[in-house]
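Each of the two chains sits in its own frame; use the hints to bring them together as a complex.
For reference, the chains in residue letters:
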Amino acid sequence: MVTLTQPSERPAAAEWQDAGKRRRLPQDERCRRFLWSLLYPPPVRSHRVAPTLTGGVLIGVAFGIGLAAYNTSSNILFITLSLLLSCLILSGLLSWINVRRVGWRLQAMAPWRAGQDQLVTMELRNRKRFVPTYSLWFELGLKKTKLQTRLHLRGRLDAGGTERLEWMVRPEKRGLERVELTGLGSLFPFGFLRKTMGCDQICDVVVWPAPVEYRRHSAGGVWRVQAGERSRRLGQGGDLLALRKYAAGDSQRLVHWKATARLRRLMVRQFAAEAQDGFTLWFDLSGARWPRPAQFELAVALAATLAEDLFREGRLVAVAVGADPVTPVRSLGDLERFMDRLAVVKLTDDSTTGAAAGMASTRFGSNLLTLTPDGIRGVSALIDGTAAATA
Amino acid sequence: MAPQRPQLDSQTLHQVRWLLGGLLSLLAAWTVFYMEVDAVVLLAVATVAVPLATWRPGLAASVPGWAHRLAFPAIFAIFAMDFYQTREPLPVMIRLGLMLLIYRSVTLRSRREDLQLILLALFLVVVAGVLTVSMVFVLQILVFTGCALALMLSITLTDAAEDKEEMAGGKPAWVRVEWGGVMRRLLAVADWRVLTLGSVLFTAVLGLSALLFLMIPRFDLGTNFFLDQMLKGKSSRSGFSETVSFGDVVKIQQDRGLALSVDISDPSQVPPTPYWRMLVLDEYIFGGFNMSAGLRAESSDPSEKKSRHNGTVAPTAAEAPVWTIYLESGVSKYLPLVGPYERITFASPQILMVNRTQVLATLQNDPSKMTAYRVEGMLPTARFEDVELAKRLVGWTRPEPKTAVNDYNPDEFGMEREQKSPMYLNLNLKAEEIARLRDWVQEIGAPKAGDREGFVRRACAWLERRHGYSLSMELPPGEGDNLVRWLASPQPGHCELFAGALVLLCRAADVPARMVVGFKGGVWNAGSGSITVTNADAHAWCEIYDGERYWLRADPTPGAGGLSSAVPPPPASLAGGAPRLEVDTGWSAKLNGLKVFWYRQIVSFDQKSQLELVRSAGKMAQSYGKRLLAELDRRLRSAGQWLSSPWSLGRVGWAVGALFAGGVLVWGWRRINVVALWRAMRGVDPVRREAGRWLRRMSTKGVPEDDAVRAELLRLRYGSRSTWAPSAGVFRAARETLKAWSRRSPR
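Going down the list, the protein sequences come from chains L and P. With this note's numbering applied, the first sequence corresponds to residues 1 to 391, in that order. With this note's numbering applied, the second sequence corresponds to residues 1 to 747, in that order.
Same shape as in the complex, but just chain P (with noise of 0.2 Å):
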């Protein structure tokens, strides 16, 4: 007989909901990190009150009474003076949640305090995955639900365990904890069936979760309340700005995070290395480079959210590509983009600033949460249109050169600024500064006959001749502009400074320049079929305005290729559909495809989805109706056939033969019982199986245990041999006394 497992007592139940409650805690608290909620206080406090408390729930027990009588006052005049201060009811609901959670988390709770500390954690771990549609929301939830049902389940258990809590000197028993007798305990009681069952019963409510989530109706009620949007703007945490000083992209470099996934329609429209528009700075200032208010001027200033946002392309028949785009949080506001589009579209209505002519499309606020949005038409390319500027050129003359950078007075500063317009010729440096580069220009070989692409490409060959590549700036010390210092020195640079140096040099030739950042690059996820950016990938370059009608990308940086070509390769027929980028199959590229699914499958999921899930459902279904139709259909056709064709006497003898081997195995199936003769050959012994037959009988006819017949058919069945009776008589017995039995007992 198997050893009965000991039984958890009351102590060590409470014990176990103690520590359950107390991680619940701290995973509910943490959440509070992934959210842009100033709590940096209340989470130290968390993280050392709460597991200071559950592993020692006798300071939770010495908490005074004056304390507890305190404490909601306190939390609710903090809550109050919080929301006096800040007027964010989001943050300042999430702070009051943390502090009633960590109250709860170092008092004694009764079953209601356990419910209140599952409800709060709840609250925060919503929010948190609300804010921001991270993956590890999934993650989260989940071990919250295991969390709190097995607080649940150990609430019950406590209740229906225990008469009256057992106290000891004021506080109650199992406040004196010792957790290695709680885990011996507790694997004593372990039973691996039980585990096992648990195990399998958490795994159904996935299941059945997942399935409710894709049967859940969807209805558009057009609502769209967002938790976000009660956060007010934050400035991204890693993302572009529209002032960028001299290593800012650099910094973003050292991320190795996910920036953007791509889902594009047709691969072969990427090129091999996409440039990803972000922000075009045109204003060089104080040694870096602006938007400058002329460039922010053209943006459109939408006050409507809408859904979609045309752009300057035109709607073709042919069939556009479509490229879906998911940004991570924390990026930029400033929606990554190849080139001229069609359409923007947003799962939700957005107030979407557009600048048609620069092909830039800015948010309201830097997202605080993954942003996807379709992109429809976008064809990828070197080179943007811009007819308006240059009429603008049309008699414009170099303005005489300041003496220095403080007499700046941005009104003064050619024809740009008086015109509110971009400052694509704008120089704000020193006159000996200035001299300089237009020595180095000299030296370049000044744009003769408006041979602008040839200057350009000498320039970025002569940048790479000075300067090497190197992501560590060290500009060598003097005074004066940072980018002048850099540009005399043989220092090695990065992308930032050979762009910006491009642009002044340019600039100084009476060429049209501007800075442009983003992202270059990517590679392509084979396993999630999508193109992935990371925060590596950051860069800028340069757009140069070719006099007429066009800027172009010229990209300075040491092995980039300086001045793109001004014809975009046409798109290329790709084997197995994936894009002439660099293929990634490691396991960074397995948890992005993951982050890929969760976003495609997950957070995307919305009405239209659920449609095309029940239609190709209902496609599936009635292709696998088809196909085994047809399949009865064709052995019916040769059955037929086969009986219908003149029968040989060798037909004959093998439609006997089967029959004759049916009939064989039904008669020996049930004759020879296969499954005792199986037993038999196991070495199970016939008289003990025959025993255990007229025991089998005796219990469904209802025949007393003290029966002396059935003692000895038990004796037959489990004794040792040599205790036995004659077999064949104690089954006759048996058989006499089953008759006896059914009898007497009533029907």
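For reference, chain L alone in the conformation it holds in the complex (with noise of 0.2 Å):
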């Protein structure tokens, strides 16, 4: 099996949000969230200070001496109590000093793969100007995985300085997945208190389908490939199909200089592919062909795996999931749109089977490369109604 091991990252991140003032909205806004929050409070995200055991213990001894202070009038028991009042007051002053200019931003790159590990960052700055940060953590979670964890920030921020955190998760299911930051918290400096705070911050990200481990059946020679022709695809052929502007990761070798010079530009060249046995990879979603939920996910992967292999090997031309109008397949971008919607495909209740597959044929003509139940579990890919793979 072949995989897309290094998927054109598309960073998901949310804007920098720190501990400081509010970010005053519009006034319009401002009325909107009023309204809504009469029907759906919004979760507290306000600074909140609330005492740990130890600072429970601290409150404790505190009165306990308070007491005993007020019992014998003793003047060296009101300075102890003075002290320990004071550390209290210290503690809230030092705990709101750390999360002070302190700003963070969830980051995720998408698009996630199920079934493998991807990486979640938060980006730390500190804005202060003489004071580091210590200590902090954040709650961050995956909604629909309903996966929750605590980053800690383990070292020192220092003045001025940024730090990344990084957590990994593993999907399990494909689909849009919602990346969560929902507060921060810091026991600093003395562990009294423990100061939490509510955050906003969001990332939605689309997990694409797993890849799965495919058998191709050579029979038959629908796998075939008929060099020396040309075609109107993109390929790594020797004819010039178009100019285009320079992309990030481009190769030097293709910059089109004369087309640069004139244009002011930097211009690269496309060439055609070469070969002519490129397939239509076509998705159908309509329940009666997938009366079984597990062999739907199967087939999903399956379709996702194979539109990447053949994308590798250029050959995939077109793509159509559904009813959708079929696609064609010439960049990266086209086929991360296919997996996107493969993400989020779902079982109609469309049942005209067969009907759809007679159209097929007349919708994308031949070298149409369909999927099918085989048997209870497996999954086969047809290529114009010959199997070609098992899964």
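The reader is advised that the hints may include incorrect statements.
Said to hold, decoys possible - DEER-style ranges, computed between Cβ atoms: (1) L:Gln27 to P:Leu611: 49 to 55 Å; (2) L:Leu240 to P:Thr700: 42 to 48 Å; (3) P:Leu594 to L:His47: 25 to 31 Å.
Quick caveat, the hints were computed from the structure, so don't treat them as lab data. For every residue, glycine included, the Cβ atom is placed at its ideal position computed from N, Cα and C.
This is how it looks when you write it as structure tokens:
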């Protein structure tokens, strides 16, 4: 099996948020939020300070010493009581200084792949001038997977410095996933007080179907390559097909210097593919075809895997999902859009499987790659009705 | 770019945490030293074991598991046994706290055990402070606070820094510590700005504590439960007692520490040499002076605690002097007084035995902490009225002397013992010793026709001729009474010998006499405005009965003046409010002044003081407000007068000129941008400054950082001049970019 190991990363990042003054929203936005908050009270996102067990002990000790101080009129005990209360106040002050002017931003490198480790990062920055920040934690969660974690800032975040906290997650299912930063907290400096603060940062990411193992059938020569012929598709052939603007990652050898000089911007050449044996992948969503949900999920995963593999080989011409129009695949972006679509596909109630199949041959022409159940668990890929692969 | 400071790893944090815990334990353990609790062995163990375990945490990690399992049952068993034997809850609790502290210090600690250690240390420090009311407590609690906060901080950082404790050979890896390396890492991590901020915050904590201390409302609940009362009576460490052997007062004199500090409302009442009477010793037996049972019986025996105890002086309409005396712990339970008084008041109710005739006041127990009391209407005097004694002396006959001291039977010694009265004429000596005394009396010149004062003066002069003054006492060898042997010798002596000798000579001459011990003199502390009396001022002198009404003070110590004048000198008007005492301005005076401040303002701070503070703050605010309003009013009137007076050409010119100058100033400020001008004068390039301004605007508008114009601006701001594009074009492009960005960005 060949997998797309380096999908083009589309970072899903929230805006920088910090513990300082809140951004003043426009008047209409404030009114709208206020009205909605009457119906759905929002979670508390302000700073909250609550005593920890240690803080509770300190308060208890202070209470006891205060009681003894009043009973004995001993100023020694009043001094001790004053010091304990001052320490509590200092703790609150330092806790406030610690999170002051600290910004954070949630980032998830989309897209994700089901069944593979993915990275969620928290970028931190300390915009204070002198004072470092210590001992913060961030409450992160995956809403769909119902997974929670706590990321700790283990070291010191120097004044003016940045830090990056990472969380490796493995989504189990395809679909839309939401990474939420629900709050941050700190026990700094003395562990007396737990400072928490609500955050409302979210990153929506698409989880592509998981890659699956499948077996290609060589019988019938359905996968054969007819070399020498040219097509109007992009590929690695020798014929110049078009020029386009330079994009990051393009090889320097592709730069078309004359066009660059004429247009005063970097232009690169695009070549035509050498073969014409490309396939059109059509994924049928009708509920009649996929009576078993597990089989449907396997089919989605196989479709994604085949699409990747064929694109790598330069043999994926077009894709279509259900009744969607056929989309030519000329670039990685086209493939990604197809994968995004596969990530969220659902079975439809359409029961015209046979008719759809018949129509498909007229819609897509030859080299049509379709998927069909194979037994009660398996899924087969058919090329023009001939079994070509099984998963 | 400044090099990045290294981070402290989890192991170093653990090591710092361990070190701080050890320091905290030592500090708390050593506070027990200040308490009068028998815990010498535990203190020795703590002093050895805690530093050792702190230095080598590997030893603490090597404590076997069974020892941990046995530790608490063993400590509890010792505690139960201790309580069963002593029945003193507080000392037993202190020893228990010390044992637990030692155990926690020599075994590896988790977060919970660190917190236990802090609580144990707090318990010991606070109990020591309450029991001693010493100024050292301030230092202890400050160091404790610093160490405890640092320990808590290191716990928080350690907990945040580690996932799982790293183990090596069954022990945590951090126990293999090299303290030099730890210190180097700490130094590398230290940042002066953070340290400064920490110092400022710690100072702020102290300031806030002081403010809270003053502001916490005080109520008198009247329960008056004191920890020190849970300590059974201990003898004073260096103080006076009812039995004074020769040399005891000299031992007290060796201690240079503070004995008492005295505030007085009217310093003119302080005589040049005040005698602080504490004890009257009338019975001479076995070579020493005691307070007899008869004298002791004269004291009242109250069972009720009271804050106010009346004396013999009737309240006067005139404003009587008020003396506030701070008696250090360990001095004595006998309160120093310079004369008859109207009333003694304590901050908390006390049982006080008062002998009104002899002007003596005695607490029930030796106080283990500083005792403050206020004496109203006390007038220093050298004579004390005793009318009853004159009546008892009528018809008194001298008893037959005994042949040996061993034959002494208290009930047979004259009328004093038979009547259970004080023994002012008793000579508990052998017949030959009494005979020698009478020989010396004859040599001095026995009192004739009641000229007792003349005899005392002659006796003082006689003693001064025969003996020099020395603190070291060297009695001549031989048998018999020490004092008689000393009298017979030419050896020098100290105050006790002189006073004792005079008492014996007076009694041999049938003159009632007694020894008095206390303090003599003192210095005026100009810094604190109080009298300071140290233990080195301990003294012994005599009081001689004049046969009619008064006991007269006689101080036979060479240079002391002998018999005091019966009539006290009138109060003098004093320059600068300082009494006629030697003024002390040295370092010890400053330290004592600090102690007085501690006693006056901190220890004695109560509801009344708080109300006074509020009143004085209110008065001060009112006073400042009035002054401010008056100043404002004056200026307004002045301006009004200036405006209402006739306008001459010159005045108009002045007004116009002032308005013009103001206008020019405002225009110049806005137009020229003085700050920019100042920067330009300091050499800031205007192009760079303008580029900085555009960059700020772009940041405010949220222009992305990869914008080309922004890159050009950055080059203008920070880059080399050789790389600059024409600045005018760049600024124009920046303006266009900002406009475009404003149009694109929704509001």
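Against the structure, the hints:
1. A hinted range of 49 to 55 Å for the beta carbons of Gln27 of chain L and Leu611 of chain P is consistent with their spacing of about 52 Å.
2. Between Leu240 of chain L and Thr700 of chain P the beta carbons are some 47 Å apart, a value that agrees with the proposed interval 42 to 48 Å.
3. The given range of 25 to 31 Å is broken by Leu594 of chain P and His47 of chain L, whose C-beta atoms sit roughly 42 Å from each other.
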